[in-house]
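A.B. asks: Spelled out, the chains give:
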Amino acid sequence: MPDGSVAEVKDALAKVGYLADEPAALVSFLAQQLGKPVLVEGPAGVGKTELAKALSRASGRELIRLQCYEGLDEAKALYEWNYRKQLLRIQAGGEEGWEDVHGDIFDKEFLLERPLLQAISSAEPVVLLIDEIDKTDQEFEAMLLELLSDFQITIPELGQVAATTMPIVVLTSNNSRELTEALKRRCLYLWLDYPELEREMEIVRLHAPELPEALARRMVEVVRMVRALDLKKPPSIAESIDWARTLLLMGAEDIDRETFEQSMSIIVKHRTDIELVAERVGVKLAEPVRTEG
Amino acid sequence: MPSPYGPKAEAGPPGLAAKLLGFCEELRGEGVAVGTSEILDAFAALDHVPWTSRDDFREALAATIAKSQEDRRLFELLFDRWFFRSAEAEAIERGIEEQGQRYEGGERLDIDELQEQIRQAIVEGDDGEMRDLARLAISAFGRQGEGSGVVGVDVQRIRRTLGLSAGTQPPGEDGAGELPPIDREQLNAFERHLRRELERDLIERTSTLPPSRPLAELDRALPTSPTQDLAAVHRAVSQMKRRLATLGQEQRGRRKGQAVDVRRTMRASLETGGVPLRLRYRPKRPRRPEIYVLCDVSTSVTSASVFFLSVLHALHDSFRKLRSFVFIERISEVTEVFEHERDFRAIAQRISSEGGVADVSGYTDYGRVWLEFLGKISDELDPRSTVIVLGDARTNGREPHAEIFAQVSERAGRLFWLNPEPRLYWNYGDSVMAAYERHCDGAFECWTTRHLENFVNVVAGGVPAAD
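Chains as they are written, first to last, in the numbering used here: chain G, 23 to 315; chain V, 2 to 468.
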């Protein structure tokens with residue numbers, strides 16, 4: 023990925039199908055220039071994870087992804103010793119003394135690399151995505167600090183493993199809990215929100231190019247109306263794209279009340295939400311035009 | 002509010018570095034935690050972006066300094082103000098003025114045409130255009146000797162004279178067809194330009210900067226309109242949820258009192274040839290908050306009950322295991338209502354029509370409420386449950402039955418009382434707060450969103466914020 027200026031980064035991202043707005047492009051650019059991790063926050067479905075994927079595509083780097091969840095621990099995120107192999111090694115040694123063996127079995131050969139270790143020990147620079155960091159507990163966050171500030175991991179038996187190449191690190195959070203100051207301090211911060219009308223239209227038209235412009239505009243307007251309501255789960259960008267494709271399949275020419283009610287379940291996925299949307303948005307749409315006869 | 006980092010820096014040596022540090026001081030004064038490492042990052046980032054682009058400059062600073070949405074909001078507010086003030090201070094110092102040229106032609110302008118152009122610019126949302134037109138408008142109206150000298154008043158006067166209002170526009174007088182509707186946001190943007198230009202004008206005339214005030218207190222008195230502060234309440238409650246979530250994590254980390262899981266230990270021992278080298282523990286389940294909320298909706302707390310209902314509304318959004326009750330003379334469960342209705346107004350209406358809590362007099366009877374509450378769900382209360390009472394503890398002279406309340410408190414893990422009256426009024430008249438407070442794990446006055454946040458802090462194990 024070219025790294026000369028913000029505009030170039032933006033273009034590169036657009037080429038791989040991600041239309042970044044100014045802040046997103048600028049932060050991606052700074053992340054490369056400064057070698058700092060990026061913390062991306064925002065509502066669900068605004069393309070936080072997609073940004074990392076797009077960065078990986080645009081820069082031609084491999085994407086290593088660590089999906090966080092409650093109870094994620096070092097053994098699954100960093101590394102684990104391969105017990106079985108170690109055991110075999112000891113048994114295969116036969117009459118060998120402890121002195122010979124114990125240096126041997128704590129060797130790289132017996133190490134199972136998990137995503138974080140993979141990312142920093144990779145020979146090629148990678149993009150590391152730590153997804154939904156807010157799902158883990160605080161201990162795990164603390165463990166990440168060494169990796170994020172120094173790009174190194176300490177393994178007691180081996181010493182420090184320092185990164186040979188600089189990964190681009192992207193952390194995403196849905197803001198379901200407050201992250202620690204220490205973690206935030208080490209990151210650049212990017213707040214992603216639902217895009218402006220024009221940008222969302224561009225995004226939709228990029229992914230559903232056959233959709234006529236007028237219909238796309240109408241559709242995005244309706245989606246924005248739906249988002250403005252107080253819903254349990256407002257429609258994401260991915261869902262607008264899905265809806266656009268659905269409208270294409272239905273061969274709709276305009277979004278009238280009937281089309282809306284038929285396809286509404288694509289963007290609204292909660293029973294109480296559906297009722298609310300039907301009541302508030304549905305009525306604003308025109309009655310379907312019926313041909314005479 | 003004095004900054005915890007000491008007095009604010011005086012206008013220091015010239016140059017951008019000093020200005021930036023001053024800006025960071027200002028942010029700290031407003032409560033944004035800007036550390037040295039953030040400042041270093043900001044300078045490093047500025048190495049890589051062109052300073053000529055205001056947006057890039059601002060975004061680079063924001064990405065390195067403002068690390069949450071709330072910080073970002075404060076950052077936006079202060080960024081504009083700080084750099085505007087800096088530029089103006091510099092201008093005064095060097096004696097630079099935009100003599101004359103600034104208002105040239107303003108008086109000769111045709112008002113109708115100006116109006117039309119402004120409308121156009123607002124609809125199109127063109128920032129630069131709006132700024133220029135704001136200047137023209139000021140010169141057209143402000144220089145006719147009508148300026149009140151108070152910026153806020155002048156802004157509104159100009160807006161009214163131009164006939165600008167948000168929403169759909171009334172049809173033109175000449176019947177030239179409908180005017181496009183004006184977006185509230187855009188209109189606000191135009192007003193901001195007006196305000197800024199008027200301020201600039203004032204500074205230039207008086208050659209002094211007005212003192213910088215801290216941002217308006219976000220604190221408000223009890224909201225009276227249901228939708229007005231719903232958002233603020235929701236924010237406080239979602240914060241509470243986040244804090245409680247973190248709290249759960251802390252408790253889980255301890256190894257204390259963990260039970261060995263024999264089955265999993267045996268399975269794991271297969272790896273090591275049947276020797277149980279590693280003990281496996283039963284996973285500790287996080288403590289799911291199970292909350293019972295009792296809310297007084299009688300007339301003595303009319304003004305507060307809107308606030309309380311909105312607290313309930315927000316709680317329902319955040320906690321799955323929540324049961325809510327409203328009471329006056331009797332108690333009635335309204336969990337269902339909150340689960341099926343999303344709209345706040347509809348909820349308020351349904352509760353008043355179907356709650357069935359008023360009997361004859363319409364006065365609160367706390368004693369009876371405790372009896373009924375205990376009778377209804379005493380079996381379900383256990384040490385994991387938290388009971389929150391929202392009420393003023395005014396019994397109207399009836400028997401308070403504090404001993405029954407004590408039983409509720411005994412069965413529940415924790416019991417909190419939120420009182421919509423200032424602490425000063427507790428125990429005056431028919432308030433029997435003292436009798437109940439003894440059995441509570443905490444009693445708080447709660448009539449602003451700030452109080453609510455304070456309560457959240459205490460519940461989550463933090464220290465109460467100073468009043």
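Just to be clear, a hint being listed does not mean it is correct.
Listed next, with one range per pair, are the computed distances between beta-carbon atoms [stated by the list, open to error]:
1) G:Gly273 with V:Ala88: 28 to 34 angstroms
2) V:Ala407 with G:Ala204: 42 to 48 angstroms
3) V:Arg385 with G:Glu168: 54 to 60 angstroms
4) G:Arg302 with V:Gln70: 24 to 30 angstroms
5) G:Ser171 with V:Leu425: 35 to 41 angstroms
6) G:Ser171 with V:Tyr282: 54 to 60 angstroms
7) V:Arg385 with G:Leu109: 39 to 45 angstroms
8) V:Arg265 with G:Arg279: 53 to 59 angstroms
9) G:Asp252 with V:Arg265: 56 to 62 angstroms
10) V:Pro277 with G:Gln284: 33 to 39 angstroms
11) G:Ala204 with V:Ala88: 47 to 53 angstroms
Source of the hints: derived by calculation from the structure; they are not laboratory data.
For each residue, glycine too, the CB sits at the ideal point set by N, CA and C.
A.B. asks: If a hint holds in the structure, say so; if it doesn't, say that too.
C.D. replies: For each hint, the structure was consulted:
1. G:Gly273 with V:Ala88: 28 to 34 angstroms: violated (57 angstroms)
2. V:Ala407 with G:Ala204: 42 to 48 angstroms: Between Ala407 of chain V and Ala204 of chain G, where Cβ atoms are some 44 angstroms apart, the hint holds.
3. V:Arg385 with G:Glu168: 54 to 60 angstroms: violated (37 angstroms)
4. G:Arg302 with V:Gln70: 24 to 30 angstroms: This hint holds: roughly 26 angstroms between Cβ atoms.
5. G:Ser171 with V:Leu425: 35 to 41 angstroms: violated (50 angstroms)
6. G:Ser171 with V:Tyr282: 54 to 60 angstroms: The hinted range 54 to 60 angstroms is violated for Ser171 of chain G and Tyr282 of chain V, with Cβ atoms some 32 angstroms apart.
7. V:Arg385 with G:Leu109: 39 to 45 angstroms: For Arg385 of chain V and Leu109 of chain G the Cβ distance comes to about 43 angstroms; the hint holds.
8. V:Arg265 with G:Arg279: 53 to 59 angstroms: Holds, at about 56 angstroms.
9. G:Asp252 with V:Arg265: 56 to 62 angstroms: The hint (56 to 62 angstroms, Cβ to Cβ) is violated, given that Asp252 of chain G and Arg265 of chain V are roughly 44 angstroms apart.
10. V:Pro277 with G:Gln284: 33 to 39 angstroms: At 60 angstroms between Cβs, range violated.
11. G:Ala204 with V:Ala88: 47 to 53 angstroms: The hint (47 to 53 angstroms, Cβ to Cβ) is violated, given that Ala204 of chain G and Ala88 of chain V are roughly 36 angstroms apart.
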